[in-house]
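Asks: All chains, please: the whole structure from these sequences, using the hints.
The letter at position 123 of the sequence shown is residue 123 when you use the working numbering, and the numbering goes up by one with no holes.
Quick caveat, the hints were computed from the structure, so don't treat them as lab data.
Where hints are given, some of them may not hold.
Simulated DEER-style distance windows between Cβ atoms [stated by the list, open to error]:
#1 Glu67 <-> Arg99: 41 to 51 angstroms
#2 Ala127 <-> Arg94: 41 to 51 angstroms
#3 Ile14 <-> Val54: 35 to 45 angstroms
Simulated crosslink set (SDA-like; lysine to any residue; CA at most 20 angstroms straight-line) [said to hold, decoys possible]:
#4 Lys2 <-> Thr13
#5 Lys2 <-> Ile14
#6 Lys2 <-> Thr12
Every residue, glycine too, gets a C-beta built ideally from N, C-alpha and C.
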Amino acid sequence: MKLSTIVLLCATTIGAIAFHPTAASADVTFNTGSQGTSISIGNPTPIYQPQVIVEQRPVIVEQRNSEWHRREEERLREERRIAEQRERERFAERQEQQRLAERRERERAEERREQQRLAERRERERAANWRQNEQRVADRSSSHNYNSNNWQNNNSANNNRRSDR
Numbered sequence: 001m002k003l004s005t006i007v008l009l010c011a012t013t014i015g016a017i018a019f020h021p022t023a024a025s026a027d028v029t030f031n032t033g034s035q036g037t038s039i040s041i042g043n044p045t046p047i048y049q050p051q052v053i054v055e056q057r058p059v060i061v062e063q064r065n066s067e068w069h070r071r072e073e074e075r076l077r078e079e080r081r082i083a084e085q086r087e088r089e090r091f092a093e094r095q096e097q098q099r100l101a102e103r104r105e106r107e108r109a110e111e112r113r114e115q116q117r118l119a120e121r122r123e124r125e126r127a128a129n130w131r132q133n134e135q136r137v138a139d140r141s142s143s144h145n146y147n148s149n150n151w152q153n154n155n156s157a158n159n160n161r162r163s164d165r
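Replies: Shown next as structure tokens:
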């Protein structure tokens, strides 16, 4: 081992002991091996370890006499009553939710029927408007034909008069 390494190890140990209060009473171990030199300062096991105190509460043993049985039966009856009450409340809540769902479904069905009625009314109005427009077009066409025939008749009458001259 080189002299500089030994001096470094000693200086480190002295510094650790001087500046670390728990290291003064600790073991210092130098280990030199194939991996190099290592210094261990301190004891791996604690010097003082306090006892672990587990506090246990005293166990109260109650005699199972007639009074105990009466109280136990009363407690069980009360628990059953509370459980039945909760079950009734859950049942009532489920019924209320079912009624609300049915009411919403009826409202949706009524809304769909109303939409259907409106759509049918719009369709009837469209058909009526279409028929009116068709009638107007037909009236115009017949009026145009009448006017055009009248014009042609007038023209031929005028032409006939001219030819008569």
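Asks: Each hint: holds or not?
Replies: Structure-based check of each hint:
no.: 1; hint: Glu67 <-> Arg99: 41 to 51 angstroms; result: holds (48 angstroms)
no.: 2; hint: Ala127 <-> Arg94: 41 to 51 angstroms; result: holds (49 angstroms)
no.: 3; hint: Ile14 <-> Val54: 35 to 45 angstroms; result: holds (44 angstroms)
no.: 4; hint: Lys2 <-> Thr13; result: holds (17 angstroms)
no.: 5; hint: Lys2 <-> Ile14; result: holds (19 angstroms)
no.: 6; hint: Lys2 <-> Thr12; result: holds (16 angstroms)
Every hint, counting from the list given before, is met by this structure.
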